[in-house]
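> If you want the building blocks of each chain, they are given just below.
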Amino acid sequence: MRFGIVTFPGSNGDHDALMAVRLGLGQPAELVWHTETDLSNYDCIVIPGGFSYGDYLRAGAIARFAPVMQAVAREAEAGKPVLGICNGFQILTEAHLLPGALLRNASLEFVCDWVWVRVEQTRTPWTSQLAPGTLLRLPIAHGEGRYYVDEKTLAELERAGQIVFRYVDAKGNATPEANPNGSVANIAGVCNVRGNVVGLMPHPERAFDRLIGGDDGLQILASVLAVGLEVVRGRGGH
Amino acid sequence: MPVTPELLREVALTEDEYRRAVELLGREPNLVELGMIGALWSEHCGYKHSRPLLRRLPTSGPQVVQGPGENAGAVDLGDGLVVVLKIESHNHPSAVEPFQGAATGVGGIVRDIFAMGARPIALADSLRFGPLEESRQQYLFHGVVGGIGWYGNCLGIPTVAGDVFFMPEYRQNPLVNAMCVGIAERSALVRARASGPGNLVVLVGADTGRDGIHGATFASVEDPERSHRGVVQVGNPFLEKLLLEACLEVLQTGAVVAMQDLGAAGLTSASAELAARGGTGIELDVAAVPRRETGMTPYEVMLSESQERMLLVVRPEGLERVLEIFRHWELHAVVIGRVTDDGMLRVLDAGNPVAELPVRLLTEACPTYIREAYESEAIRARRAFDPDTLPDLSANDVLRALLALLRSPNIASRRPIYRTYDHTILTNTVLPPGQGDAAVLRVKGHRFGIALKTDCNPRYCLLEPRLGAQHAVAEATRNVSCVGAEPLAITDCLNFGNPERPEVYYQLVQAIEGMAEACTVLGVPVVSGNVSLYNETEGRSIPPTPVVGVVGKLSDVHRHVGLGFAGEGKVFLLGPQSATLGASEYLAQLHGIVAGAPPNLDLELERRVQALIREAIQRGIALAAHDCSEGGLLVALAESCIVGGIGGRFKVDELVAVNGRLDRTLFGEAGSRIVVQVAPGAEGAVLTLAHAYGVPVCELGHTGGDRFIVEGIVDCTLDDLAAVWRDGLRGE
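Those sequence lines, one after another, are chains G and P.
Last residue of the first sequence: 238 (full-length UniProt numbering), numbering continuous.
Last residue of the second sequence: 732 (full-length UniProt numbering), numbering continuous.
Just so you know, these hints were derived from the structure itself, not from any lab.
Keep in mind that the hints are not guaranteed to be accurate.
[Unchecked claim] In silico lysine to any residue, SDA-like type, Cα no more than 25 Å apart, as pairs: (1) G/K171 - P/Q435; (2) G/K171 - G/A131; (3) P/K444 - G/N41; (4) P/K444 - G/G213.
[Unchecked claim] The following label-pair restraints were derived from C-beta to C-beta distances: (5) G/T37 - P/V334: 26 to 32 Å; (6) P/R136 - G/N41: 56 to 62 Å; (7) P/R447 - G/P176: 52 to 58 Å.
Computed from a predicted structure; not experimentally measured.
Ideal Cβ placement from N, Cα and C applies to all residues, glycine included.
Hey, can you work out the whole structure from these sequences and the hints?
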């Protein structure tokens, strides 16, 4: 399964995503520069973290205008799996491919730590192989990760099954103490209505080896391989 | 040109130095030339006071691939790789504008690493401030930590280690020393030597502005706060990230002969250093330099310290490929000159000569000074203080003392700092900050790993600089050994006051001497470094602070240990059993006294203790190891319990018998001491090993439960200790 990893000037999680897919999953992956206009070659798309364009206006606010984002929108529309991580999540919300916005952390400080998240939704290609309620231990590293939607939208997201990950404690409870950035309803990740586009603040691509603290991230990245199998079977059928 | 005292003061040259320049040049320099000479003959660039002393440091060894004199040092790792390391100060800018001062310090040190052709993989920071409870110090502390985090996090280089210390003498002169480590193919290492007359000089990165003019001279005078704020540069980590990727890519074309970071004294220093190392000359035309603002004079262009710029020497036939790569990364790159064979640094402005100086005059002819040196009487008197004249602690007061020490900003958890630094990016962090005495990183695709740490106890250095500097080397290398790594090399940052004062010059001489002795015995060469003098305000100097940054190698990265006790097991003390209260954290915190002689140090024993712990870790005998330093034995035990999340029951009767006093036993400090937790069943092995290495060993007790117990002295819950330790740095 070919992973396309979209890279903007200032992306810095691109290399980690590349390594996680290649070393952790053993799958082919390529970096795709932001000027690219065609992503049809890739079976799934990852938008990694970083400080695209220096985050000078607002995290992700300039990246959404990059040529490659039109291609991302097209592939998302066609149902291809898209994963936005950290700054990539911010870019997807700015591009209106995902609901909500990411604000400065409630602490007003950058926070780097390992957190627990609970899988809330398994209808997305990035969680399809996980049991609901699975706990994953993942790193976070962000200054603007406080997920925000108004109450009405929150209710819609709940109803439509668009909340994919929540920050929880080690026992799986979504407590205020387990929320590292003040996100509304402890939300760590969401998906679009269709479920193929997922964004999350934690970094699954930094958790692909126990030597560096854990490999739970592989469970997210590996889930999408099931979609790859379907794609391959589909191709075989023609 | 009329040379007035004001003009000389502006360029920070003495009248003698000016006369020397005229004599060497055979004529009077013009204004541009005078500015260039002043910048390169500043302490910051010319190492006027330290150069004769630095020769005493050992700089060679079989592992050394590049010693001092280049952008950074390099040591062999095996498998065709080298590790590149360098530390640098950004003290004066950080005192004036802490956020940008610290941020640009990080930017500068990272450029030094990738200028060598190495990919930066980790950052570490050594910081010093005044008492944290003061609001101005809070401002400096948060500004500096914020600036380091902002720049490093944006760049995507993990900040994994460091040290921080608070002492009243740093009030006006905080220290910000940033260290960067990179990895390169040994065969692809780049040197900053402008060779091949006719090759082109290319400037890439940020446009040049008026920022930072005379930053180098600013860093070489006292009282940063009174200096002008305009000399502090503003950082752009986004641009630096592009520059980093682009520079590493152009090196693969084979068309780049040399690369040099533009730091202090900007284009003047970068071009002079390139030409000096290459034994060539350089001709530049400032009219070709892209400007950020209009109306800049050649003087300003040559001395601007605008950040995020790099100077390259490129073969003409490869120029187009190099420029194409820079265009891809959306960077401005222009040819501003060429390499010549006449040994001159020639500056033109649209073809018209504005300066012409022999390169050697700028670099090698910089005057050096050997000053009068004697020890301050006041410090000698303070060292003579005998802590035994103070009343001993009663057993009932031990817990109170322990809590006071755990809460001390010099000991408390560093988590409030490193939580704001991205330390997991690049997916190499095996032992993150707070988990071990040093950070451990893997190198993907290789069995080995590397460890790094910075250290320096300024209280020891204040009271006895030679011994203090020995301790700095010993402690930093010990920390690296305590995670299982063999120390490979040192990068040092020598922070001192005004060397023109004999008391300060004495400290400088003594500290370098002590550092050289320790490096020699421990077999760890100094491969790069930086000197920062004039860290004083109104005649009050900082304590001598020779910060030591160490890089070590683990032959198998899986074979490492942390400082936290890992489950149940017996705990031993390796090293000397007697400690001293002189210069201790205990005296400072509990008695408000900074005095007494620092602990003595047997360097031979130090070497053996470190070899012992490394072997114990490699053989799986040690499950946890923690250097026993500030706060002494009880603090080390408490920290290992807190970090490991497990209590323990300890017994210190034997040690009390040796030390004679409870306070000295529990909170006294000593070199060469390590607290080690031994794997069940390996207790005999550790005793045999200690005997073989000739290292004293003493059983302290065992881990388990959720209480921290020292028989007959302390009995409390682990949570009681953890709570104060966690919040010590947050207490405002």
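> Hint by hint, note whether the structure agrees.
Against the structure, the hints:
1. G/K171 - P/Q435: holds (23 Å)
2. G/K171 - G/A131: holds (16 Å)
3. P/K444 - G/N41: violated (28 Å)
4. P/K444 - G/G213: At roughly 15 Å apart (the allowed maximum being 25 Å), G/G213 and P/K444 satisfy the hint.
5. G/T37 - P/V334: 26 to 32 Å: Check passed, 30 Å falls within 26 to 32 Å.
6. P/R136 - G/N41: 56 to 62 Å: holds (57 Å)
7. P/R447 - G/P176: 52 to 58 Å: Because 44 Å falls outside the window, the suggested range is violated.
When the structure is compared with the earlier hints, violations turn up for hints 3, 7 and for no others.
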